[in-house]
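For this one, chain B is given, so just place chain H on it according to the hints.
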Amino acid sequence: MTSWFTGFLPYGWAWFIATIIDILVIALPLMLAVAMIIYADRKIWAAMALRRGPNVVGPFGLMQSFADGLKVFLQETIIPSSANKGLFLLAPIITFTVALIVWAVVPFQAGVALSNINVGLLYVLAASSLGVYGVILAGWSSNSKYPFYSAIRAAAQMVSYEVSIGFVLISVVLWSGTFNLGGIVEGQKAYYGFLNGHGFNPLLFPMWVVFLISSMAETQRAPFDLAEAESELVAGYQTEYSSMAFALFWLGEYANVILMCTLNATLFWGGYLPPIDWAPLYMVPGIIWLFAKILFFFFVFSWVRATVPRYRYDQLMRLGWKIFLPLSLFFVFLVSGFLMWTRVGVPA
Amino acid sequence: MIQALAFYLFAIVVCLSGALTILSRNPVHSVLWLILAFFNAAGLMVLAGAEFIAMLLVIVYVGAVAVLFLFVVMMLDIDFAELRSGVMKYAAVGLALAIALVAEIIIAIGAWSAGGLEMSRRAAPIASDVPNIEAIGRLLYTRYLFIFEGAGLVLLVAMIGAIVLTYRQRSDVRPQNVSHQINRRSKDATRNMNPGVGEGMQL
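Top line first, the protein sequences correspond to chains B and H. Residue 1 is where the first sequence starts when you use full-length UniProt numbering, and the numbers rise one by one after that. Residue 1 is where the second sequence starts when you use full-length UniProt numbering, and the numbers rise one by one after that.
One chain only, chain B, in its complex shape (with noise of 0.2 Å):
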């Protein structure tokens, strides 16, 4: 896009609205993906508990993630008296901005990303790092005991289980030899025979597992949300939000959990591949692909939320440092000494 506007403009000023476009293309759908996937979030949850979930506004109840938005967007904004003024208010836009950022480097087809960076993975690693300031923030801005509490409790979790995740993540760079997103998905193209994914391959399928696993802890959801059980601290950090305020968490929560779902699509199940690898399949426009398996993910996110009770406190952390951590360092190791096994002094 941006040799298009270089015929009338300097190619700087080319470039910056080109990408100020690109970043509207992505952003907007994914909040309209954001909105449906929290009405299909609630209708699966609602199936799996034999009730009808939202059928009210709009047709089979689809327009009520809007008539939602539009309701907190008409509250009152209330901020405690005694909290911390300026960043109370700043900690839902970080948790907001932070699940926009990353979606710059996701590959939606070949060659289809918004950044192509050679640091891709790097970059997501870090940016969901950024996440946990989001919520650290917002409870202890609000200067109330649960919001604290879920602060202090959403800040060990997070950083726990992204020591876990980074080894998963070790493994499939060390397997794909770059840490470039586009390069890791054309990385398992037909790699394993007629099959198209990392998750195919034995030595890498156990570390799919402890990922899908880590990124549901990563990401708050049941049943490691500990830091909003609602049994013991009422809402978490989000209780003395309202209004937008409150609605950027959502959100931002919520993209984050599409966000997990692509990068397990993508480091695992071949992104936008086909399953299979088979000519006619790629007939089908690789975003199709990718969103099919987006959504698969969200499913088991959900069936996940829906079926599974809440971890005691100390049950979360003995499963990512007692039980993820040994395993996945194990696993490095594994799959570091098979692939010098097997491609020594062969360029990678």
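No wet-lab data here; the hints were simulated from the structure. Built from N, CA and C at the ideal position, the CB exists for glycine as well. There may be inaccurate statements among the hints.
[What the hints assert, rightly or not] For the chain B half of the interface with chain H, some residues (derived, Cβ under 7 Å), not all of them:
| # | residue |
| --- | --- |
| 1 | Val132 |
| 2 | Trp140 |
| 3 | Val159 |
Just chain H now, kept in the frame of chain B:
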């Protein structure tokens, strides 16, 4: 033009947030300004073409170190007035340290610009088409392998030392017996009884 704009933006924010780290009254605000400084330093690294270092800076310092910092500072109950009262007492020491640091920087820059002792033994500059992850990887795991491993050992020793110093066995707590909890089945916990009328139950 955009590069220059970005450079000055990042540089100004780094300097300002660095100053505000020291000047802000609330220690939590200090840590937050520090995080902003780290973040913008990462931006400067990206501009300098060291994207790998930039990402590591964000992951390690912003994502891990500063979170722990913030964690500790948030939990501490600090008396600000007492903290402030010592400022004038230590001003002379601080000033001396600052002068020493400035002098060292000036000497270092002077020596560097005068041409080093053995400039030829420095590593050759990286070719611009090699991504800097690869360049760092090659240097770190071939030429400086033993130093790198040594650094790892030092960190390991530090980690073990910290654990040894802080670990204490407490006899007055009852830890969770996880395998016991996992192995418990519903038939171990419940019994079906059929008591006669007016007899009650023996548990």
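Which hints from the list above does the structure break, by number from lowest to highest? No hint contradicted; all consistent.
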